[in-house]
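What follows is the residue order along each chain.
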Amino acid sequence: MNNRAGLAAGALVAAVTLALPAVLDDSALAVYILLGLAAMVTVGVSLLMGYAGQVSLGQGAFYAIGAYTAALLALAGVPPLAGLAAAPVAAALSALVIGTPLLRLRGHHLAFATLAVQLILLSLAGQLEFTGGDIGLQGIPQFGVGSFEAGGAAVYAYLTWAGLALVMLVTRNVITSRPGRALRALATSETAAASSGIPVGRYKLVVFALSATFAGLAGGIYCFYTGYVAPGSFPVLISIQYIVMAVVGGLGTIWGAVVGATAITLLVQGLDRLASLPGMPTYAPSVLSYAVYALVLIVVVLFMPRGLVPAISARLAKNRKELPYR
Amino acid sequence: MSAFLTYLLNGLAVGCAIALIASGLVTIHRVTGVVNFAQGTFAVVAGLCTSSLLGLGFPHGLSEVSAVLAAGVAGLLTGLAAIGRRGTTPLSSLIVTLGVGVLAYAVEIVLWGDQPRSAPGLAGSVTLAGARIQTHYLLVIGVTAATFVLLALFFGRTYLGKALTACASNPYAARVVGIDVRRMGLLAFALGGVLGGIAGVLVTPLRPISFDTDVTLIVNGFAAAVFGALTRPVIALAGALLLGVAETMAAGYGYGSHQLEVALGLMILVMIVQASRRSAISEEPA
Amino acid sequence: MIEVRDLVVSYGTATALDRLTLTVGRGEMVALLGPNGAGKSTLADTLAGLLRPAAGTVRVDGRLALIPEGRQLFPDLSVADNLALGGWRSGQRDPSFVYELLPRLAELSSRRAGVLSGGEQQMVAFGRAMMSRPDVLVVDELSLGLAPNVTADLAAHLAGLNRSHGLTVLLIEQNARLAFELCRRAYVLESGRLVTEGPCDELAGDPRVASAYLGGAIT
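Chains as they are written, first to last, in the numbering used here: chain A, 123 to 448; chain B, 3 to 288; chain C, -7 to 211.
Chain A on its own, in the form it takes in the complex (with noise of 0.2 Å):
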């Protein structure tokens, strides 16, 4: 995609994306908002595996760490803006705290490391009494700026996608930097970057933060809109749900995040109405989705193992100049 046009594009996606709050309905509008809030968490995952070459299965945990922390604040009537803040912080240090000792693992190990985490997380969540239990904390207040108040979903609809767009202006700058262009080196060859002098150990970990961070903005924001939280609301499958986002989208690619996690939720919320069709019976909607994150899974992974986006642009690219990609 050549400047111009990328930045043509750029400029229609967000027309289309500030018109659709005033334009959508209530039921439409919480789609919208899951999509922002999946399509934040996706891309700091599509980070950690694109550019860190490494597996979390636990995202949910930094998902989950941002939303109680935001939620703890605003029941304790710490003004919502500042519980905001301190979502993605609260999640920035847990992953800088649990990431100095799990990173030395690699692949599967920290793959099964970083569940065991959510779900060590998960456990205490539903144990502890400052946390609710396991019915959580309800009651949170709306989100809110001085006097003025959240009162409809399109306030939290814009929260979030300006939300998005500042994680994917950070992810940008991070990629087009002179570290994030060593960090390409780390997801190919990890060896092969230390030998070059790139301080591997330290780069992985502020990309495991980095991601930590945007999935705790999210778990932030995701507490304000729905007005509760719970360790129901984190199971393990939302952490494979954003690795399938990601893995669609195509690993390393900010636009491949944004739109794995749009594919996703739209085909997952068709399916969802395709299923509670008169006739259909009570399962089908669980059925359906597990059905369509592990397909979609799999036959990305084995058949399209760089994702979505890069394989269409190669597409476009080669139909374009009539050259092979690369």
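Which bits of chain A does chain B cover? Going by a derived footprint, with three or more residues having C-beta under 8 Å, they are:
#1 223 to 229
#2 236 to 244
To list a few chain A residues with every Cβ distance to chain B over 10 Å, as calculated:
#3 Ala131
#4 Leu146
#5 Ala152
#6 Val153
#7 Val200
#8 Pro201
#9 Leu215
#10 Gly254
#11 Pro263
#12 Ala275
#13 Met290
#14 Ala433
#15 Ile434
Calculated directly from the structure, the hints in this document are not laboratory data. Just so you know, even glycine gets a beta-carbon here, dropped at the ideal spot from N, CA and C.
Place chains B and C on chain A using the hints.
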């Protein structure tokens, strides 16, 4: 004292089930290099199959064996997805097995619903040194011991077992002598399915199984397998028994609410110690 | 016999073998010389069916066995098990005829292959290849890392099999002295291409070959 013995034997039985899951993980990982996330799924499939077959009036024995075979088929299908395509890296294969596990959720809910199911096990109980032990626990321990002996004989004494070990030991050399490494990998997956299936069949009468029980099973199994660095079945067995006994003791003496955290924390600790030792070794020659 | 015609083998975009043509007649023993990275092991793997040619043809009459570079044993298995697995293709699992051929292996049979010395390991690799009762044997770097007397011993066995059993041998070597001793004909491979071929006594006199492979003129 008798309570201690009861907890010990119950814990050993739970550990045995974990050990069977772990042995399946180890078998598959040794031959293919893939960590099979769907290993817990095989146990779930077998457990649910047994409960259905028994419910349909099939006799004990036939029901359990059929369920284990069904799990073996599930293992083979998982293998086809995970390593059937040339050039799939072990980490991609892990993600594919993750997908298979989620796909199994859909199938299991359609076939069995989303409520936990149980199956009658061996009835009755015996008194050992003043402790009352359910007979089924003894069955679990006996079957697991027999399975491990058979597994050792298979890998150590049979030509096919040695060929599987050869693939684990040096895949290139295995190809040089004409062994189809991919087919051996599929065999390992089928074997892993059978081992997971045995675990499921044994555990269903003790703890009801539902479609999402696989996460607990795989995490415990992986924790045990990690003790043996994912390659040594006997150490994995020891780790599993330790895990089972520790969890049961904790629950029995009133610390039950934190047993999962302790087990998982232990697993992470073992992995980190192993990783730092490994990197210390690999840095030496440099 | 082996007949290779215009063989091209590549890894991704890199070409490892470029239009290679070579023949080894029935019962012949031919050497293939070349420096590291010339594509020698690529040819060995292609002949063994482990790599697929991008173009050209490979024809092998009869059963082919490969002694790969670096021995490539199963280190966790015993010598006897290593030999037994060598018979995977032929279904021949009883190693007694290899023990007759290489009596030293009978003494080592219960040892773990990974703990043996380099020479002993090469002997196991030799025995393992013979287990498939091959008509054609491809030996990749017989002498690499071995003491001269050990190499000579193995070479004597190889020459014996070639003479008495009519075993066809392609000897892939960096050690040209050994190759010229054992073979009558040789090919020289560099960067995936054949640079020269001919009878060994002529090649030994070729100044280019002499300087590259024999460390100066041969006397």
